[in-house]
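The lines below spell out each chain.
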Amino acid sequence: MKLSFSAADEAFRNEVADWLAANLCGEFEQIRYRGGPGDEHSYVQERKAWERKLHEGGWTGLGWPCAYGGRGATIEQQVIFNEEYARAGGPGRMGHIGETLTGPTLIAFGTEQQKQRFLPGILRGEDLWCQGYSEPSAGSDLANVKTRARYDEARGRWLITGQKVWTSLAHESQYCFVIARTDPASVGQKGLGFFLLAMDQPGIEVRPIEQLTGTSEFNEVFFDDAVCGADDIVGAPGEGWKVAMGLLGFERGVSTLGQQMLFQNEFDEVVRIARENGAAADPALRQRIADAHVGLRIMRFNSMRMLSGGGDDGSLSREAMIYKLYWATWHRNLGKLAMDVLGPESEILDGAPYQLNRLQSLFLFTRSDTIYGGTNQIQRNIIAERALGMPREPRG
Amino acid sequence: MDFRFTEEQEMIRATAEAFLADASNSAAVRQAMVTEQGHDPALWQKICSEMCWQAMHIPEAYGGLGLGYVELVATLEQMGRYLFCSPFYSSVCLAANALLVAGSEQQKTEYLSQLAAGTTGTLAYTGSSGRWDADAVEAVCVADGDGYRVSGSYRYVPDGHTAQLLVIAAREQGSVGAEGISLFVLPAATAGISRQWLPTMDQTRRQAQLVFDNLPVPATALMGEAGKGWSKLATILDLATVAIAADQVGGAQQSLDMTVDYLKERVQFGRVIASYQAVKHKTADMMVKVEASRSAVYYAACIADEALAGGPLGRELAEAASIAKAYCSDTYFFNAGCGIQLHGGVGFTAEYDIQLYFKRAKSTEIFLGNGAYHRERIARGLLEAHPADGAVEALT
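Protein chains in written order, with numbering that gives the first Met the number 0: chain A, 0 to 395; chain B, 0 to 395.
Please note that a few of the clues may not be correct.
[Said to hold, decoys possible] Derived CB-CB ranges, DEER-like: (1) A:154 with B:269: 23 to 31 Å; (2) B:174 with A:282: 21 to 29 Å; (3) B:14 with A:14: 42 to 50 Å; (4) A:211 with B:200: 29 to 37 Å; (5) B:174 with A:211: 54 to 62 Å.
Don't read these hints as lab results, they were simulated from the structure. Quick reminder that beta carbons are idealized off the backbone N, C-alpha and C, glycines included.
Using the sequences and the accompanying hints, generate a full structural model.
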């Protein structure tokens, strides 16, 4: 076991930190620490400009193969980039869905033509993507999607009809990937296709969902014979589930240590307040603050194990399998701790009508952490069934 | 960064697992735990002569194998998993660590080589106050000619009634806290030391009471500088804390595994009860905790290696030890407690081993400070150290 990074990796760390120091300033100063879950609606134009800036610096597609315009960075380097990015207060990425989900999926499953067509726009930070997975009746039970894809023989294109929900950044995106049923008689994981759609077309309507935070970063997306080119299906009709699950595999991993830096920023704020307002003298709060610190440190150790661990066969290690349940629960608890440390001040808004401060936003938004991307309950099923080998629930 | 076992470390872990699964099976544990010495002397001799675990992290210069704390922790985890009844912890993790940290060259040469050869030992520092910090030291030493005289009683001393070598802490008359503490090493057979076994609820780990009544101790027994022993003792205790946390991870893992095995066999309402979600979710929570505990202990083991080698990360030892002990204590108790509950009626019987784990969970939780104790140590560092330094170095 070895905890330290190599000299080459440390040099890379300096390169990242130097670039961020030289570029995340001036017009971009205002977007430091902004954006991301709970704050996705802030500084949208500025953050889009920042995506292009990142491309200029060669920081997009870091982990992609060089053959597709990426940098072919090692896992360690990607971790370092994410750490330094978060440490510098880098804004929540607008292009992360394209970069971390669409790109790797196309590289793994796409045709050469699809790669040539879609990857450059993602790298340039110009084409933003959103994810069309969940539907009103397909949440935890994702395979229950009802959205249909019908091939229009006459005009050689796919027509998509149905509804997606909880679609982050749909109103800002140029493209959406959608799983839809190519075989209308199919049920469950069979008969699905994975489609790439342009958002700017008459057959697509985006309606923001007002959240309990008063803001809207999730949307409903309605498809009414939305057009998708014949060549814009990834994999064959009927193979959509395989592609969709492959994509979820790309979601985990290198960004976790960067995510923890953001958590650390939030936790430090809670500690700062506790020292200032006297909460630090309350024995019960001291225990909870220390517990949060313990939890966050262990989250990091766990990620280090996860990133060092095999995974050569593509399967998730045990420490990887617990990750979502662990961080989501920890983060939600931090939100509650923040309010309890603030005491009565926790109720007072920055302003009317419903202007939340950062910690209030944390408190409210983290209620979604244990729901999206697989609820805590689904995570427990996955752990029990896949890691502990307990029998599956009977499914209808 | 490579935060996983090397091939050699994995081999050591696997060897310990294979050996203990047989040598420390349920029948062997139940036989050893009802004896006064609390272990099987023949098995201990076999381990010392064939496995050489007791010499593992003692440097080669003193007759040891010169391996590190990671190897030690990997072995301790298996000892916890199989409820190993032995003087290993007291001899290696208390006595040998004490000599490594605080012994003079002459003391190391004399005593470490004895310990490496299988002599047993322990550390006595706690009086009857129930504390685990510097205030725990109640015995008093006074200068007497060239040497000292020690008076006082020690409680909760692991294997104190059978250990052959004693490291003891005593304080100058009238001193408080970290001031005035001295460490001594002496043969337990020294005339005038009264030692008594304290029968305990957890029968797999032995505790004893030692009484010193104005006992003459030669100057050569003093470890380090008189009255300045606390910082050394604090390091010894941090190392011992990491080691007991490793035992807890093993026990927590086995509590989970035994429970899952039982759940897969037990049938009610026509199904194995492992198929019920209420049961699965509880086991998933157990696994999350044990994997996080493992990450915490492995990290702390790496830090302990650094601390023993004088590396820069060694300054994290107190924090890493407290993180591991706080988390692992709560995990082990949770897992063993859930284990009894999920076993149902048979979990309450003496016949099933889960009860033994439950008791060891409690005794290891208390030993060297429970979760609340270690969280308070962390809180002190977070809330009362220098603002914004983020580090928790001033723990003790």
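Going down the list of hints, with the structure as the test:
Distance hint check: the CB atoms of residue 154 of chain A and residue 269 of chain B are about 55 Å apart, inconsistent with the given range 23 to 31 Å. Between residue 174 of chain B and residue 282 of chain A, the C-beta spacing of about 27 Å keeps the proposed range 21 to 29 Å intact. Checked against the given bound of 42 to 50 Å, the beta carbons of residue 14 of chain B and residue 14 of chain A, roughly 43 Å apart, stay inside it. Take residue 211 of chain A and residue 200 of chain B: their Cβ atoms lie about 48 Å apart, and the range 29 to 37 Å is violated.
For the hinted restraint 54 to 62 Å between residue 174 of chain B and residue 211 of chain A, the CB-CB distance of approximately 58 Å keeps it satisfied.
In summary, the numbered hints that this structure violates are 1, 4.
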